[in-house]
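Line by line, the protein sequences are chains X and A. Using our numbering, the first residue of the first sequence is number 1, and each one after it goes up by one. Using our numbering, the first residue of the second sequence is number 1, and each one after it goes up by one.
Rather than coming from a laboratory, the hints here were simulated on the basis of the structure. Among these hints, one or two may not hold up.
[As the list claims (entries may be wrong)] The calculated label-pair distances, taken between Cβ atoms and stated as ranges, are:
hint	chain 1	residue 1	chain 2	residue 2	range
1	A	GLY49	X	LEU20	38 to 44 Å
2	A	ASN211	X	ARG42	30 to 36 Å
3	A	THR119	X	VAL3	18 to 24 Å
4	A	LEU148	X	LEU29	48 to 54 Å
5	A	ARG85	X	ARG153	49 to 55 Å
[Unchecked claim] Some chain X residues near chain A, calculated using beta-carbon distances under 10 Å:
hint	residue
6	LEU6
7	ILE10
8	VAL12
9	LEU16
10	ILE195
11	THR225
The C-beta atom is built at its ideal place from N, Cα and C for all residues, glycine as well.
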Amino acid sequence: MRVVALRALILVAALLAWELGARAANPLLYVPPSAAVPALVRLLTLDSYPELPASLLLTLREIAIAYALAIAVGVGVGAALGLNRLVGRAYGPIVAALYAVPAVVWYPSLMLFFGLDAASKIAFGFLLGFFPITLAVLAGIRQVNPHMIAVARAFGARPPTVFAKVMLPGMLFTLVGGLRTGLALTVIGVIVGEILGAKAGMGTLINHAYGLFRTADYVALVGVTLVLIVGSDAVASLIERRARRWTE
Amino acid sequence: MSRRRIVGLQAASVLVLLGIWEAVARAGWVDPLFVPAPSAVAAAFPRMGRGALAGLGDTLAKTAVAYALSVVLGVAGGLVLGSARILREVLNPFVVALYGMPKILVLPWIVLLLGFGTTPAILYGAIHGFFPILVLVAGAVRDVDRTLVSVARAFGASPWQLYAKVVLPAIVPTVLAGMRLGIVFCLLGVLIVEMFAGIRGMGHVLNSLANGFQAPELFAATALVSAASIAIVLGLDALNERLSHWR
């Protein structure tokens, strides 16, 4: 109880300090809450940016396509690495080394190749989501008890059955965690891509507001984008919890 | 299969991949304007020469400062948060929210405040590295074996001695793990700022090469940064290994 009160106190104090500090220093640069709220209202009533719904939809579509690709390729590559010992030992370290590269270095090449439209954002979101999913599938397969697989095979289970009945339940825990991380990174990738260079989407709106020094609109747009990001993660965590309950 | 044969297989696969790529590019199946052949990329290395190396040096220098800041502040903050239970409980949601907040959304604001150049890059890089280190260290301090702490206290250890002799040695592996994680985040943060609002550094070099449609140079520069970051991470891994033996 006391903890909650203290938290609330800190939040209120921070907002108050922000409000007073921003007014005293430079309201245009520091955007006090009293300026951010009206801007948010203007944004949500489609007054300041009428293209908001279209931009949200585009960003969501880019995320969905990139995530679907990341799952398909990530599960495929992860399974190839995990199921074949030689492939895993030879190429696993290469995938892990590439994961150590800050992914943003690939973005200019992707932008050159795919252009400024949605394709380069999808490619970058895919790239960011691909690694955690691949590595989770790989780790998941490695933690499945090999005796169980041997027994299932001995009783005449065919590979698809072994995968569905033995491996999937055994690795679900790890897999779902990787899928959640993958979604979070895909979302970030798409938005980073849009902010670094795009013609449409939430990142472009944010850039537009920033470029024109419409700082209150910028804060409002960031708020809306944040809802999108937190919302997608909340859905993912719900699914994660379901899956965990199912395995227990 | 022996380790040498694995390495041989890896090298052979990379060579085959490069060979296919070269053949595809030579045959004209891809537009060399966007996907240059490996030979063209190799030829671009000397042409980029000094500019790219200066850019890389600039980026690495900023990353080093950002990294030092994030390690020092992250470990210090982690020690404070991990030691004081009430502080940890009260601040936890704020730390989680700030850690989870996609930093890219505040980047335009940071650039508005600090302008173009070195300062925003260092700050943004440091923010990227700070939170994972803070969270890891705070958790490690919290989980230091209570028995050890009680025994040290019972034998009359001063608070200073408690930290120097019990807590710090106990969290060394976590600090090292955080440092290994933090470096990539710092580099990532610095590169993003350089791409978004840079006038120097590798991120800026990459961006201007892409905007100038200089694909061979772009690929060569990308390879250079990637190699540098892989080398840094592998170096830290090796250091980690050695220090853990020493422990």
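Results of checking the hints against the structure:
Judged by the Cβ atoms, the range 38 to 44 Å given for GLY49 of chain A and LEU20 of chain X is violated: they are separated by roughly 53 Å. Between ASN211 of chain A and ARG42 of chain X the beta carbons are some 34 Å apart, a value that agrees with the proposed interval 30 to 36 Å. The supplied range of 18 to 24 Å is broken by THR119 of chain A and VAL3 of chain X, whose beta-carbon atoms lie about 36 Å from each other. Between LEU148 of chain A and LEU29 of chain X the beta carbons are some 49 Å apart, a value that agrees with the proposed interval 48 to 54 Å.
The supplied range of 49 to 55 Å is met by ARG85 of chain A and ARG153 of chain X, whose beta-carbon atoms lie about 52 Å from each other. Taken as an interface hint, LEU6 of chain X checks out: its beta carbon lies about 5 Å from the nearest beta carbon of chain A, inside 10 Å. Nearest Cβ of chain A to the Cβ of ILE10 of chain X: about 7 Å, under the 10 Å cut. The hint holds. For VAL12 of chain X, the suggested interface contact is broken, since its CB lies about 13 Å from the closest CB of chain A, more than 10 Å.
The interface hint given for LEU16 of chain X is violated, since its Cβ lies 16 Å from the closest Cβ of chain A, which is over the 10 Å cut-off. Annotation: ILE195 of chain X was flagged as interfacial toward chain A, and the flag holds, the nearest CB pair being 6 Å apart, inside 10 Å. Annotation: THR225 of chain X was flagged as interfacial toward chain A, and the flag holds, the nearest CB pair being 6 Å apart, inside 10 Å.
In terms of the numbered hints stated before, the structure departs from hints 1, 3, 8, 9, listed from lowest to highest.
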